[in-house]
Amino acid sequence: MAELDNTLFIREMFSKFYSENFNRIEIPKSIENREFGFTLFRENVMIRHKSFSRADDLRDFIKKSVPSNAYYSSAYYNMPEAKMDEKGWLGSDLFFDIDADHIPTKCNKEHDSWICKSCGFKGRGRTPEKCPNCGNEGFEEKTWPCEICLEAAKLETIKLIDILLEDLGFSADEIKCSFSGHRGYHICIESEEVLGLDTFARKEIVDYVTGTGIDVTLHGLNEVRSRGSRIITGPSLGDAGWRGRAARGTYDFLLTATIEDLRSLGLRKDIAIEIIEKREAILESWRGGGPWSVISGLGVKSWEKIILHGLSLQSARVDTVVTVDVHRLIRLPGTLHGKTGLLKVSFPASRIEEFDPLKEAVAFKGGEVKIYVEEAPEFRFGDEVFGPFERQVVALPIQAALFLLCKGAARVVD
Amino acid sequence: MNSKLQFLGETGILLSSDLAKYPFLPESAEEIKRLDFKIEDVLEPNYASILDRAEKRIVEALTSNPPEVSYDPSADVNVEILSFPMAIVLASATASDYIKRRYALAEARRAYNLLKIESEEKVIEVAKRFGWRIRLASIEIGLEKFDFALHFIDYLKSATTLFHEKGWKLVNRLVVRGEVYLSKQDVARLLQEEIRRHIELKIDPKMRSLIPEGIIKRADSLKMMYAEKIKEEPLTIEGLASPDIEVNLFPPCVRGLYEAALSGRHIPHIGRFTLTSFLLNIGIDPNFIVDLFRKSADFNERMTRYQIEHIAGQRGSRTKYIPPKCDTLQTHGLCPGMDELCRRIKHPLTYYLRRKRRRVSGA
Numbered sequence: 001m002a003e004l005d006n007t008l009f010i011r012e013m014f015s016k017f018y019s020e021n022f023n024r025i026e027i028p029k030s031i032e033n034r035e036f037g038f039t040l041f042r043e044n045v046m047i048r049h050k051s052f053s054r055a056d057d058l059r060d061f062i063k064k065s066v067p068s069n070a071y072y073s074s075a076y077y078n079m080p081e082a083k084m085d086e087k088g089w090l091g092s093d094l095f096f097d098i099d100a101d102h103i104p105t106k107c108n109k110e111h112d113s114w115i116c117k118s119c120g121f122k123g124r125g126r127t128p129e130k131c132p133n134c135g136n137e138g139f140e141e142k143t144w145p146c147e148i149c150l151e152a153a154k155l156e157t158i159k160l161i162d163i164l165l166e167d168l169g170f171s172a173d174e175i176k177c178s179f180s181g182h183r184g185y186h187i188c189i190e191s192e193e194v195l196g197l198d199t200f201a202r203k204e205i206v207d208y209v210t211g212t213g214i215d216v217t218l219h220g221l222n223e224v225r226s227r228g229s230r231i232i233t234g235p236s237l238g239d240a241g242w243r244g245r246a247a248r249g250t251y252d253f254l255l256t257a258t259i260e261d262l263r264s265l266g267l268r269k270d271i272a273i274e275i276i277e278k279r280e281a282i283l284e285s286w287r288g289g290g291p292w293s294v295i296s297g298l299g300v301k302s303w304e305k306i307i308l309h310g311l312s313l314q315s316a317r318v319d320t321v322v323t324v325d326v327h328r329l330i331r332l333p334g335t336l337h338g339k340t341g342l343l344k345v346s347f348p349a350s351r352i353e354e355f356d357p358l359k360e361a362v363a364f365k366g367g368e369v370k371i372y373v374e375e376a377p378e379f380r381f382g383d384e385v386f387g388p389f390e391r392q393v394v395a396l397p398i399q400a401a402l403f404l405l406c407k408g409a410a411r412v413v414d
Numbered sequence: 001m002n003s004k005l006q007f008l009g010e011t012g013i014l015l016s017s018d019l020a021k022y023p024f025l026p027e028s029a030e031e032i033k034r035l036d037f038k039i040e041d042v043l044e045p046n047y048a049s050i051l052d053r054a055e056k057r058i059v060e061a062l063t064s065n066p067p068e069v070s071y072d073p074s075a076d077v078n079v080e081i082l083s084f085p086m087a088i089v090l091a092s093a094t095a096s097d098y099i100k101r102r103y104a105l106a107e108a109r110r111a112y113n114l115l116k117i118e119s120e121e122k123v124i125e126v127a128k129r130f131g132w133r134i135r136l137a138s139i140e141i142g143l144e145k146f147d148f149a150l151h152f153i154d155y156l157k158s159a160t161t162l163f164h165e166k167g168w169k170l171v172n173r174l175v176v177r178g179e180v181y182l183s184k185q186d187v188a189r190l191l192q193e194e195i196r197r198h199i200e201l202k203i204d205p206k207m208r209s210l211i212p213e214g215i216i217k218r219a220d221s222l223k224m225m226y227a228e229k230i231k232e233e234p235l236t237i238e239g240l241a242s243p244d245i246e247v248n249l250f251p252p253c254v255r256g257l258y259e260a261a262l263s264g265r266h267i268p269h270i271g272r273f274t275l276t277s278f279l280l281n282i283g284i285d286p287n288f289i290v291d292l293f294r295k296s297a298d299f300n301e302r303m304t305r306y307q308i309e310h311i312a313g314q315r316g317s318r319t320k321y322i323p324p325k326c327d328t329l330q331t332h333g334l335c336p337g338m339d340e341l342c343r344r345i346k347h348p349l350t351y352y353l354r355r356k357r358r359r360v361s362g363a
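Sequences listed follow chains E and C, in order.
FYI, in the numbering used here the residues of the first sequence are 1 to 414.
FYI, in the numbering used here the residues of the second sequence are 1 to 363.
Next up, chain E with everything else stripped away, as it sits in the complex (with noise of 0.2 Å):
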């Protein structure tokens, strides 16, 4: 019974929040070419290939039925509401998905947990891809959008717009930002010359922000012989393109590099304290012609494997996934997530380096709850911290209860 009646309170939340809010429910670009989905509270299934005409219809659609999330199609279709074979592709907006599940952080993902669905065998942090117990791969998962998580994404997001506008052309206006509502940012282009891209093209584009595949020696790290010596070139700090950004990925990496840091990249042990013994004088050097030929022991090869790591620093690790797809179905600006009562919020590409998730996509404010909770660490919502909490009640405000009831880390008490 407490499960059904966080449920019924969690879409009674969701329907005053759209009956208030319904005006807040973005309207992709040409609305009659795509495909829309929704899940609801009831049935645990995709209601899918729905298509709207006009804005009105979406929103009253939304309003009424109250789904537990809304998706729409990055994809233009002649018959949105077809056969996926039969719907007629037009094209696609050129899209990016940030999450934190793709990024290595600092707080290890200790605060979320897994369960194998098969043996009921329990952890916490990444989840494997094997469960140890009983070799199975089905998982119940818990996440937390914890502050690291988030800051991680963030910096990535800050990556990926640097390279689409320094590198690839896009002007801010195109692109535009939102946070996901959960873990992440996503990151659309709608302009009419990227819509035609086929999976090939946008492979390509993925490959370019992650910087997979790439050849330093194609960036400018070269050899040269003159009268029996060898001089090492590479690219500058200044340099366009991934050429400056491999300078200065490297260059922020030696800065604090250990003796350690360079072992772990394949580098010999005498090599690497020679570098960190001589790390002032190469970074001297990168004001003038360049640091390639400071130490003499280190060839091309063992630049190469310096270099790629500092790239590494300079990439923007997106979703490749869903950028190749050109069906995706992304969710929908202007509404609210199921797993966390956050709202999916737009906002400025120049807004990126202020913008505070924790405090734009709360779609609830004031109110008190109260809810027992099970276990939660501490979070936070704007301004006000709350928890950590273990097996105890707690009078919350709406959007601090909602979240831990999405989240099933609490339920309901009368």
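Where hints are given, some of them may not hold.
Chain E is faced by these chain C residues, among others (derived, beta-carbon under 10 Å) [said to hold, decoys possible]:
no., residue
1, ILE153
2, ASN172
3, ARG177
4, MET303
5, MET338
Hint data in this document are derived by calculation from the structure and do not stem from the laboratory.
Predicted, not measured: the structure shown is a model, and the values here were computed from it.
Quick reminder that beta carbons are idealized off the backbone N, C-alpha and C, glycines included.
Starting from the structure of chain E, add chain C where the hints point.
Okay, now just chain C, sitting in the frame of chain E:
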């Protein structure tokens, strides 16, 4: 499908000697209109040289290796220009997919070799006919010199068949503010791809019914004469049962390569290696794999057989090879994107084995 070639009006930059070099440009069609030349005319004795040259263009494509149509600066300009659309008609009349692909490649390679040594201005003129947003750049960075800047979207569209070569991956290019910086040779190579696709689209076997009888006859005898060179259908080897290939159990990468091989599309070296080693490892007969590659425009039976036997461990080092890991395939641009199962495995063979096992145990 419509051609995307654009006629830019009288620019005065392209002369008729240029049209003889690049007869696929829309200006050539204007020139032909001006001369009021019709298909039937070519059968008149006066125009025999045009039909002869048209036929020679196709014969050169079939007999040279790598395929390339010749260029003779002293040849009659009008014959050069008019013989090109006539060769398209002739190639369409053969209704041969192999001739279509081989001829398009041979004309495109001819254009590439001419564009490589062309002036920058003319290269830009040709590129603009394909709708490219391109401009002269002439900048030097490090040791490299870049002559052109091309909009990155146009780059992605034209380089689509080249991404498997690491030097053509976008990530290995200098990309600044939406433009890819390129050398003249790079631009010529990209134009080769555009030209090849453009010519393939122009050759339409459905046109055969509209073509005058005299030309159909020429096409049929041409086909007969070079039957040995035309590798259309896979040969069936006696005593070799068509193997039970369960393509639906293949991972997306191998499925893509397999379909590409079946339709005779170009597959990069690493792709051929992946497909071959994959098929060998799931127990497919090497003879069948030789046949699979038969449709490729540059098929060479002896070479293909040698390579397959090498991978099978029957030659050379006697090592039996397995396909590259997912990581490696991703790096080479051969991963078309992962499905649910892909995310849980690291090797394409594991994918196949899991699918096979699951199907059996679920039955």
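Compare the structure with the hints numbered earlier in the document and write down the numbers of the violated ones, lowest to highest.
4
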